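2 protein chains.
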Amino acid sequence: MKKGTVFVLSGPAGSGKSTVRERLMNRGLNFHYSVSDTTRAPRGTEKNGVDYGFVTKEQFEEGIKNGNYYEYARYTGEYYGTPVSQLTPYIERGVNVILEIEVAGAMQVKAKDENAVLVMLLPPSYKVLEERLRGRGTESEEKILKRLARAKEEIQLFDKYDYFLLNGDGKIDDCVRQLELIAETQQYKTKNNPDFPRIFFNTEE
Amino acid sequence: MKKGTVFVLSGPAGSGKSTVRERLMNRGLNFHYSVSDTTRAPRGTEKNGVDYGFVTKEQFEEGIKNGNYYEYARYTGEYYGTPVSQLTPYIERGVNVILEIEVAGAMQVKAKDENAVLVMLLPPSYKVLEERLRGRGTESEEKILKRLARAKEEIQLFDKYDYFLLNGDGKIDDCVRQLELIAETQQYKTKNNPDFPRIFFNTEE
Numbered sequence: 054m055k056k057g058t059v060f061v062l063s064g065p066a067g068s069g070k071s072t073v074r075e076r077l078m079n080r081g082l083n084f085h086y087s088v089s090d091t092t093r094a095p096r097g098t099e100k101n102g103v104d105y106g107f108v109t110k111e112q113f114e115e116g117i118k119n120g121n122y123y124e125y126a127r128y129t130g131e132y133y134g135t136p137v138s139q140l141t142p143y144i145e146r147g148v149n150v151i152l153e154i155e156v157a158g159a160m161q162v163k164a165k166d167e168n169a170v171l172v173m174l175l176p177p178s179y180k181v182l183e184e185r186l187r188g189r190g191t192e193s194e195e196k197i198l199k200r201l202a203r204a205k206e207e208i209q210l211f212d213k214y215d216y217f218l219l220n221g222d223g224k225i226d227d228c229v230r231q232l233e234l235i236a237e238t239q240q241y242k243t244k245n246n247p248d249f250p251r252i253f254f255n256t257e258e
Numbered sequence: 054m055k056k057g058t059v060f061v062l063s064g065p066a067g068s069g070k071s072t073v074r075e076r077l078m079n080r081g082l083n084f085h086y087s088v089s090d091t092t093r094a095p096r097g098t099e100k101n102g103v104d105y106g107f108v109t110k111e112q113f114e115e116g117i118k119n120g121n122y123y124e125y126a127r128y129t130g131e132y133y134g135t136p137v138s139q140l141t142p143y144i145e146r147g148v149n150v151i152l153e154i155e156v157a158g159a160m161q162v163k164a165k166d167e168n169a170v171l172v173m174l175l176p177p178s179y180k181v182l183e184e185r186l187r188g189r190g191t192e193s194e195e196k197i198l199k200r201l202a203r204a205k206e207e208i209q210l211f212d213k214y215d216y217f218l219l220n221g222d223g224k225i226d227d228c229v230r231q232l233e234l235i236a237e238t239q240q241y242k243t244k245n246n247p248d249f250p251r252i253f254f255n256t257e258e
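One line per chain: the protein sequences are A and B, in this order.
Just so you know, we're using this note's numbering here: the first sequence kicks off at 54 and counts up by one.
Just so you know, we're using this note's numbering here: the second sequence kicks off at 54 and counts up by one.
You may find that some hints are simply not true.
It does not matter which identical chain is meant; a pair holds if it fits inside one copy or across any two.
Pairs of lysine-lysine residues, derived as DSS-like cross-links and limited to a Cα-Cα distance of at most 30 Å, are as follows [stated by the list, open to error]:
id : residue 1 : residue 2
1  : Lys55     : Lys242
2  : Lys55     : Lys199
3  : Lys213    : Lys180
4  : Lys199    : Lys242
5  : Lys110    : Lys56
6  : Lys163    : Lys118
7  : Lys118    : Lys196
8  : Lys118    : Lys244
9  : Lys205    : Lys244
10 : Lys110    : Lys180
11 : Lys100    : Lys242
12 : Lys244    : Lys180
13 : Lys100    : Lys213
14 : Lys55     : Lys180
15 : Lys244    : Lys199
16 : Lys205    : Lys55
17 : Lys100    : Lys196
18 : Lys56     : Lys205
19 : Lys56     : Lys180
20 : Lys165    : Lys205
21 : Lys55     : Lys224
22 : Lys213    : Lys224
23 : Lys242    : Lys180
24 : Lys110    : Lys165
25 : Lys56     : Lys199
26 : Lys180    : Lys100
27 : Lys224    : Lys165
Since the hints were made in silico from the structure, they are not lab data.
Keep in mind the model is a prediction, meaning the values are calculated, not measured.
In isolation and in its complexed conformation, chain A is listed as follows (with noise of 0.2 Å):
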């Protein structure tokens, strides 16, 4: 049976990645969307379960020991991570799965699947993704300083990634799009296809 693919969306925050993941999602397509478990306190309305599976420091290390999360990342003290059971089971039978995670994490799976498909999301310019955060008028300036001096290392990575998306004002449902299209293209691979000559000369069928 054909496996599904790994596609990994991360891009800094004021990218937009939430909203187009969602929108990906509400498409009703083939895809599982990967519920990271994390030791940071829920925010706002998100729901154990749905937004992150809030879980305890004790219970993060547990977990990593138990060889149970396929990626885990630490930032600012907290461990972010994708459990296996998120994962390998969609993946087996055929379903792609999109998780929405970090670069360090991105950085992981590729090394363990090289036919998983990283996306980074990124507003045009450093400037908008400045304006933007600034823009929310939510938090500290040192809030800000942070994740823009984060969103300067990420890009640092950019060469990493398969793909890039550039979600710029009023383009979300042009990313959605986007990302449909490079992930219909994926199953025309023949790296994803490696019985294909097989199936091909068999004429049985």
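Following the hints, complete the assembly by docking chain B onto the known chain A.
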């Protein structure tokens, strides 16, 4: 300026590659169809400069010597090749180029340009291929067997191609659309946009 992408379309006789390529060209996209040179004689309604550039063996060999061919190969005693003039000037000014060439030439293109996109068009099975070739009713049994043997050789290079498209009965327009999607997604590849991080940080724009 952003360069165009080289697309190679290969596939056995009976795969329908000329029809797919013609319909793609008729869509008015940003594509130039590279007209190959050949030393073989024109057939039927073939026109010089449209279907092929028909040249003499001496002219072709002089062209090889002068580096005028981007790729070339010899089949059943005749030369086939892509003139540099059909490719480089278009790529340089951002136009995509589509080459309808054989596997040996495709390997040369990939070796010269790792961003070239190799697409193999195939019928769904060897059995269908055989039926199509026999169904034409215009070729000798000897020629059909030669074409089938060649198809077997070609499919050995399946995994050297980036993508493959299945041209089942009535699927030509699906293949054209799939090829168009593959072309579109190339522009979202990070490796085709190595300057983007620089552009991102350039706040002068």
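A quick look at each hint next to the structure:
1. For the identical chains of this complex, Lys55 and Lys242 are neighbours both inside a copy (13 Å) and across copies (24 Å), given an alpha-carbon limit of 30 Å.
2. Taking the closest pair of Cα atoms, Lys55 and Lys199 never come within 30 Å of each other, the shortest separation being 42 Å inside a single copy and 33 Å across copies.
3. For the homomeric pair Lys213 and Lys180, the shortest alpha-carbon distance inside one copy (23 Å) is at most 30 Å, but the shortest distance between copies (41 Å) is not.
4. Taking identical chains as interchangeable, the C-alpha atoms of Lys199 and Lys242 lie at most 30 Å apart only when they sit on different chains, with a minimum of 28 Å there against 39 Å within one chain.
5. Taking the closest pair of Cα atoms, Lys110 and Lys56 never come within 30 Å of each other, the shortest separation being 33 Å inside a single copy and 49 Å across copies.
6. Proximity of Lys163 and Lys118 under a CA criterion of 30 Å is satisfied intra-copy only: 21 Å inside one chain copy versus 44 Å between copies.
7. For a Cα distance limit of 30 Å, the shortest separation of Lys118 from Lys196 qualifies neither inside one copy, at 32 Å, nor across copies, at 63 Å.
8. For the homomeric pair Lys118 and Lys244, neither the shortest alpha-carbon distance inside one copy (33 Å) nor that between copies (36 Å) is at most 30 Å.
9. For a Cα distance limit of 30 Å, the shortest separation of Lys205 from Lys244 across copies, 19 Å, qualifies, whereas the shortest one inside one copy, 33 Å, does not.
10. Taking identical chains as interchangeable, the C-alpha atoms of Lys110 and Lys180 are never at most 30 Å apart, the minima being 37 Å within one chain and 59 Å between chains.
11. With identical chains, the CA atoms of Lys100 and Lys242 are never at most 30 Å apart, being 37 Å at best within one copy and 34 Å at best between copies.
12. For the homomeric pair Lys244 and Lys180, the shortest alpha-carbon distance between copies (23 Å) is at most 30 Å, but the shortest distance inside one copy (38 Å) is not.
13. In the homo-oligomer, the alpha carbons of Lys100 and Lys213 never lie at most 30 Å apart, since the shortest distance is 32 Å inside one protomer and 46 Å across protomers.
14. In this assembly of identical chains, Lys55 and Lys180 lie within 30 Å of each other by CA distance solely across copies; the values are 22 Å between and 43 Å within a copy.
15. For the homomeric pair Lys244 and Lys199, the shortest alpha-carbon distance between copies (28 Å) is at most 30 Å, but the shortest distance inside one copy (39 Å) is not.
16. Only between protomers do Lys205 and Lys55 lie at most 30 Å apart by alpha-carbon distance; the minimum there is 24 Å, versus 38 Å within a single protomer.
17. When the C-alpha separation of Lys100 and Lys196 is checked against a cutoff of 30 Å, the pair qualifies only within one copy, where the shortest distance is 24 Å, while the shortest distance between copies is 67 Å.
18. Taking the shortest Cα distances, Lys56 and Lys205 sit within 30 Å of each other only across copies (26 Å), while inside one copy they are farther apart (35 Å).
19. Within a single copy, Lys56 and Lys180 get their C-alpha atoms only as close as 40 Å, which misses the 30 Å cut-off; across copies the closest is 26 Å, which meets it.
20. For a Cα distance limit of 30 Å, the shortest separation of Lys165 from Lys205 inside one copy, 25 Å, qualifies, whereas the shortest one across copies, 33 Å, does not.
21. In this assembly of identical chains, the alpha carbons of Lys55 and Lys224 lie at most 30 Å apart only when taken from different copies (21 Å versus 33 Å within one copy).
22. In this assembly of identical chains, Lys213 and Lys224 lie within 30 Å of each other by CA distance solely inside one copy; the values are 24 Å within and 35 Å between copies.
23. For the homomeric pair Lys242 and Lys180, the shortest alpha-carbon distance between copies (23 Å) is at most 30 Å, but the shortest distance inside one copy (36 Å) is not.
24. Taking the closest pair of Cα atoms, Lys110 and Lys165 come within 30 Å of each other only inside a single copy of the chain (25 Å); across copies the shortest separation is 51 Å, beyond that limit.
25. Taking the shortest alpha-carbon separations for Lys56 and Lys199, neither the intra-copy value of 39 Å nor the inter-copy value of 36 Å comes in at or below 30 Å.
26. In this assembly of identical chains, the alpha carbons of Lys180 and Lys100 never lie at most 30 Å apart, being 33 Å within a copy and 54 Å across copies at closest.
27. Proximity of Lys224 and Lys165 under a CA criterion of 30 Å is satisfied in neither setting, with 32 Å inside one chain copy and 36 Å between copies.
Hint check: violations occur at hints 2, 5, 7, 8, 10, 11, 13, 25, 26 and 27; the rest are consistent with the structure.
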